[in-house]
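Peer 1: Please work from the sequences and hints to get the whole structure.
Protein chains: 2
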Amino acid sequence: MNILFIMYDQLRFDYLSCAGHSDLETPHFDRVAAKGVRFTNAYVQSPICGASRMSFYTGRYVSSHGASWNGFPLRVGEQTMGDHLRKLGMDCWLIGKTHMQADAEGMARLGLSPDSTIGARQAECGFDAWVRDDGLWGHGPDGFYDEKRSPYNEYLKTKGYEGDNPWADFANAGIEENGDMASGWMFANADKPANIREEDSETPWLTSRTIDFVEEMSKGEGSWCAHVSFIKPHWPYIVPAPYHDMFGSQHVPAANRHEVERDNPHPVLGAYQDNKIAQAFQREDVRQKVIPAYMGLIKQCDDQLGRLLDYLEETGRMDDTMIVLTSDHGDYLGDHWLGEKDLFHEAAVKIPMIVFDPRQEADTTRGTTCDALVESIDLVPTFVEAAGGTVPDHILEGRSLAPWLRGETPDWRRCAISEYDYSPTPQAVKLGLTPKECRLFMVYDGRYKMMHAEGGFRPILFDLKTDPEEFHDLAKADAHQAEIDRLYDLFAQWLRRCAQRVTKSDDEIQSGRGASLRKGILPFMVDGSEVPQEFTEKYRGPAPQRVDGD
Amino acid sequence: MNILFIMYDQLRFDYLSCAGHSDLETPHFDRVAAKGVRFTNAYVQSPICGASRMSFYTGRYVSSHGASWNGFPLRVGEQTMGDHLRKLGMDCWLIGKTHMQADAEGMARLGLSPDSTIGARQAECGFDAWVRDDGLWGHGPDGFYDEKRSPYNEYLKTKGYEGDNPWADFANAGIEENGDMASGWMFANADKPANIREEDSETPWLTSRTIDFVEEMSKGEGSWCAHVSFIKPHWPYIVPAPYHDMFGSQHVPAANRHEVERDNPHPVLGAYQDNKIAQAFQREDVRQKVIPAYMGLIKQCDDQLGRLLDYLEETGRMDDTMIVLTSDHGDYLGDHWLGEKDLFHEAAVKIPMIVFDPRQEADTTRGTTCDALVESIDLVPTFVEAAGGTVPDHILEGRSLAPWLRGETPDWRRCAISEYDYSPTPQAVKLGLTPKECRLFMVYDGRYKMMHAEGGFRPILFDLKTDPEEFHDLAKADAHQAEIDRLYDLFAQWLRRCAQRVTKSDDEIQSGRGASLRKGILPFMVDGSEVPQEFTEKYRGPAPQRVDGD
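Chains F and D supply the protein sequences, listed in that same order. Under our numbering, read the first sequence as residues 235 to 784, first letter to last. Under our numbering, read the second sequence as residues 235 to 784, first letter to last.
It is possible that some hints are incorrect.
Each pair may be met inside one copy or between any two copies, as identical chains are not told apart.
What the hints assert, rightly or not - BS3-like mimics (lysine-lysine), calculated; alpha carbons at most 27 Å apart, straight line: (1) K753 x K510; (2) K699 x K772; (3) K391 x K772; (4) K772 x K453; (5) K393 x K772; (6) K510 x K699; (7) K753 x K533; (8) K510 x K664; (9) K710 x K699; (10) K510 x K391; (11) K664 x K753; (12) K382 x K670; (13) K510 x K269; (14) K670 x K753; (15) K391 x K453; (16) K391 x K533; (17) K670 x K510.
Hints were generated in silico from the structure; no laboratory data involved.
Peer 2: Printed below as a string of structure tokens:
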């Protein structure tokens, strides 16, 4: 079996027709959902690209792998999906974005060259790069945000899009009426068509690379996993024609927000409500510009997914390929008076998670949904099992989804955990916090969602049964201390998990019991009668004598 | 400045005359204490050799580095004392024991050969090995406990002690009256003199190697840290003449134990009270044999320390060498109905910690004691500071002792933490636990000491103010829930520490704020007026046109 692990960046869980969106038809996402299981309570380990992805790729919580923000390097030697799958004879490829920052200092300390196979995998988060393009070719006074080469920019140049950074000048810009560039960085331009042929824009380009990949791999024998990782619908919010005007203000839902959220908010939430992106999304004109573009970007993703699915069907690859559709986090889009992601409301922390398993064992669940509390770290164990392996649960902290796919009801986790480190942000400055104080934790048990904040703040508590919109922070009053205490107990239980004993498996421990005795470590003997003579015979016999000396 | 970081194995905190032992004179330990500071509340991060040492050497808690039991490999890339000191231009050498198990699988995954300099350091816990000898040359039906070469066994062979394993046959054995070997593994033989010349036994041998080392280093210019790590007074409990009969039953203190400890004990404590070593040490004849030998071994350590100190004084090295005397854990010796170490009573978890700092700033504290809650992980930061560096507190979890040495009173930790993983032991089997359930944590605030046990057990609580002997487990009754809750809060605070963000320092985070903006990541602009034009000028100007195409 092969695996297509497809990620969209910043795709909200509810912007798909199979998830109930009333104005956005996504027939191809729905087509996969109809063949597989749609997990309706799937959460990311951190509502920000880099940290979330490092959890997806390592199968470990953020505070276990430590790469807690964009650009914080994943430390050298941390095991990834690629390490686990290659051991099982499955190749592991990257097509698109990881947001991985290599641990250059650690690699230098261990003498690993990025030019070697081992070094390249360390630098690419364990993947072999078919195409690596992180998709954010920002360029400012201090140079490029991403210092690597951009295959997409190179592609654009071959297609006649000239300049240093055609990504910025064409793919992510429109044209003003006066002929000037209309940068996609500015929300005011989100309704303009990108200055690029649709087929040359990022999503079709990466889809083509994926089809190339499958075609090439199909010539060989080995099984493979490919992480196909689209940058869209992530900002800049601009999309080429015809997607730029498929949606309009009539399709923009009312923001999911309430005045009570601005009434004496939790200090961290308050700081986020006051930041630049939140202020922008609090403006209705911004939402009216951005949301139709965001929907257009998703519609384009769906059409390209259709193209890929058609190819897989035509070539028979649907029969032997597991397909996962997911996202690294959501997008507030003005909900809760916020923009971007970064906190733990459903709009940010819940993700789409659709899994199609072609195997017969999964036939009973096709087209169903599953409301178990699923975490992004569950995918690596799912893939290990799909590759025929046993989950190394002293390293991987997630759990295989296979039982759910087979229609079983396994004993399951009691809460989902997510974490967020906002130490590099203006909110940290505003609140006057040290980096280590800027850490947030979500504990969600399927009904109550608590946020713990380091730095001496009170928690936040929502009851999603009585308040599914998450407007009413119950921790403002004293009435819910029992629920808070219960969630703190679940939190402490999670904190006490055994996360770093990664060099020794439970099986090895159990089978190694008594081994030191068999190697002559006998520290508890009074006179030797306590253990069989075979353990002590090396220490019996006539006393030897020193034969000569100096 | 140089550093002599001297460790004795299994040396109880209270078996030194400077710590109040009434029958064991240790003038040379006392001599260092008189020149430095003796820390009277120093705790190990785990009361077992391997895990404790990995914390000493990494400056990190056991659940941070993950090597939680003897022989559990320290994962490749985990940074050690050697990594931190070499960055500061200080060499870092090993003379003796580390109990390090290399992460062979991780090294193979990263292509590191143990023959390379980098690989050798990975395999030796970051040290350059002057002499590496772990000192436990146990030999049983499955071969040697330690598969490496033994420089000490090789030394013995050159001195005429023949056979496969002269360590076992001479250094750790006496002679029966009938001429048979009397193995030191059997407590019944602890009163016999070891069948070896005193000057050839382990402690003098390693002391000589240390003097050789200092002599050689003194020819050069560079500064160095040497970890001098004696195997003694660790078992096997047997010592050469004249130390074998310096102490007798008149010097054996009454065991620190009480019948109340056996009355419905905590299940984990009960399992330990029932194990083989505890049963042996519950016998008074065993204590009468073992404790005089243990004292003899310490007396020999003290004499050899005197020899080393004399050498340092004669050569002027006392003026530029920091000296630390400590141990990796204690030894129950029958206290609390227990033998060995493994739990959190003072006899096991408290260690000697004497620090002599030759610098003038430390003059005000010479000969004093300090009762701050010190942890073994405080040494690496102390050494980093001594080497002129800034403590990388995103990696190191301990705190430099330098302020105490200068007579300051820094704001300090509120509790000491220790951990113990007993998953490989017979006690785990007896209690029917999975490996991950076999984890114990100590939280000690200087008065109350709590043990939390995974696996669904109640905690243990001692009040060392009213019960310094630690006989009365207050958690058996309900009267102390407030203290237990308070200690669980301290525990949770510790559990929430930021332990794995090791690739990014707090300083880097603070100085990096806003960096992505300066690299053209501009996700919050409505119309571009929100930021200075220098950030947006790359996205302005006439819209470009595609020049040709296909």
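Peer 1: Checking each numbered hint in turn, tell me which of them this model violates, lowest number first.
Peer 2: 2, 4, 6, 7, 10, 12, 13, 15
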